[in-house]
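Given the coordinates of chain A, work out where chain B should sit on it, guided by the hints.
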Amino acid sequence: MQKIKIIEDDLSIASELKEMLENAGYIVDITEDFSTVLEQLKKQKPSLILLDINLPKINGEILLQQIRKEMNTPIIMVTSKNSEVDEVLSMSYGADDYITKPYNPTILLLRIGAVLKRSNRTDKPQFYRDLEVIPQKGILKTEKIEIVLTKNEMIIFLHLLQNINKIVTRDELMTDLWNNSEYINDNALTVNISRLRSKLKVIGYQDVIETRKGQGYILYE
Amino acid sequence: MNKKEYLKDKSWLLAIKIVAYIIILLILLAFKVNKEATLAISLVYIVGMMIELAIDYYRKKTFYNNFKEKLEKLDQKYLITELLDDPSFVEGKILTNSLYEINKSMIEKINEYKIKTQDFKEYVELWIHEVKLPVSSLTLMLHNRKSEENKKLQEQLARLDNYLEQILYYVRSENAEKDYLITSINLAKVISNVALKNKDILLEKKINLMVSDVNIDVLTDSKWLEFIINQIIDNSIKYSKEKNAYIKIVAKEEDDRVDLAIYDNGIGIKKEDLPRVFEKTYTGTNGRSSKNSTGMGLYIVKKLCERLNHKISIKSVEKEFTCVKISFIKNNYYQIVKERGEG
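Line by line, the protein sequences are chains A and B.
Everything in the first sequence is counted per our numbering, starting at 1 for the first residue and increasing by one.
Everything in the second sequence is counted per our numbering, starting at 1 for the first residue and increasing by one.
Isolated chain A, as found in the complex (with noise of 0.2 angstroms):
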């Protein structure tokens, strides 16, 4: 399980942000004394923190520069000023990515999803039962067959792979194409989902997208 400690001050932001975590599978810390961040920081071993800028008692673009003397812990920065200055400055000061507030929450929860695989990068293969999941040439394997998805359809399958077992929305898979510049419309969700049901019935695999009828789809195990 990873670990998401939370620096805001807005306690009804962080709260929902603390739910809207959990529900997505992450254990998360929301922060109370903002004069002992890096202590805890130092204690609790996140494995991300979000990070605001505006902040009781220090400054959050400061508390970054600090952060990151002591760590490696990614880092994104989650605050309401949009300027291309402080978010700038907060790159260069070594935040890995810098998001406006008010987000898409679908949005912010695919960036943390990017960030964390970006730092525990492992060339370990991904693995769907026995298919071998490979992205960058958009195959799945077994040690028989080999079959090419589009990138579309690589998109959908990974994230229903990400969340295995749970119900994903047509919202979010949605969410997740349009951040990859595929602005697809709904027919074409619906198309492709089919296209890829059948590509994995011919290796085998029927029937492991179900579809809930008014809530989503969900890949099982």
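Derived by calculation from the structure, the hints in this document are not laboratory data.
Incorrect hints may have been included.
[To be verified] Pairs of lysine-lysine residues, derived as BS3-like cross-links and limited to a Cα-Cα distance of at most 25 angstroms, are as follows:
hint, chain 1, residue 1, chain 2, residue 2
1, B, K151, A, K166
2, B, K189, A, K213
3, B, K280, B, K114
4, B, K248, A, K151
5, A, K151, A, K199
6, A, K151, B, K189
Here the structure is a predicted model, which means the values were calculated and not measured.
Here is chain B on its own, set in the frame of chain A:
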């Protein structure tokens, strides 16, 4: 100032001097002073008077002509006090001193307003950032408590956020201080951000978004550009057709610039409205009929483009299409540095 003007101005003085001379002559006659002496006194009097006038004329002429000439050439007239030579006569001194005083008090007054405007701007920015907190909070709450009403509520929140952005960039565009940062930005990334922001409404209204060839770097402020493109897309969505609506975004690299075209097959703009769409609070026929147009969006867009040195133009045929084009100038110096770096 010429001699005629000067003499006209001094006509009272001259008249008095002539009257005085006549009286002197009469007195000399009454005392039966001899002719030679009368002539000598007249000569001294007249020559003295002429010299006096000539010196006075010369001094004033030099000062005032110089003054007028400099004033005419100056672009910022109030800077005249910095250029004046010290006049050698008392009226000139009064004039220059007064000008200094007037200027000083004017500058103080302007500074007072500058500070007030700056304070106001800072407060508005702060306020917007404060308001964004409850908006974020609401967005998260909606995400965490899924309900039937969700989409509708999200749409209203998106509207609220859009209006907040408008006021923020209005304040930024009106501000004389430079608060943007030009860096090399990939167009695809900015467009992706805008697309994601408008995803729900585009899907709901079944507007197809087609983006091609945008993987190009341009020199701009990414946040400002994001706002600019968002306003244009927002208009495309607002004034889209019911059926088969689409928005096409294409970029094209030329020798000296990059052109970004945002094309929609919406209801278009009336020919008579077209030249005025970038004017402040101009809503046009479309805006007036849809009622929720402030007429500020494109005005702010134009202002921001001017500040960033991008050219923006609009083409449209009513009931057919609207196409907004933004041109990013390539910086030659930047290009040279880049080529050297690569070579």
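Which earlier hints turn out false for this structure, listed by number in ascending order? The structure breaks only hint 2.
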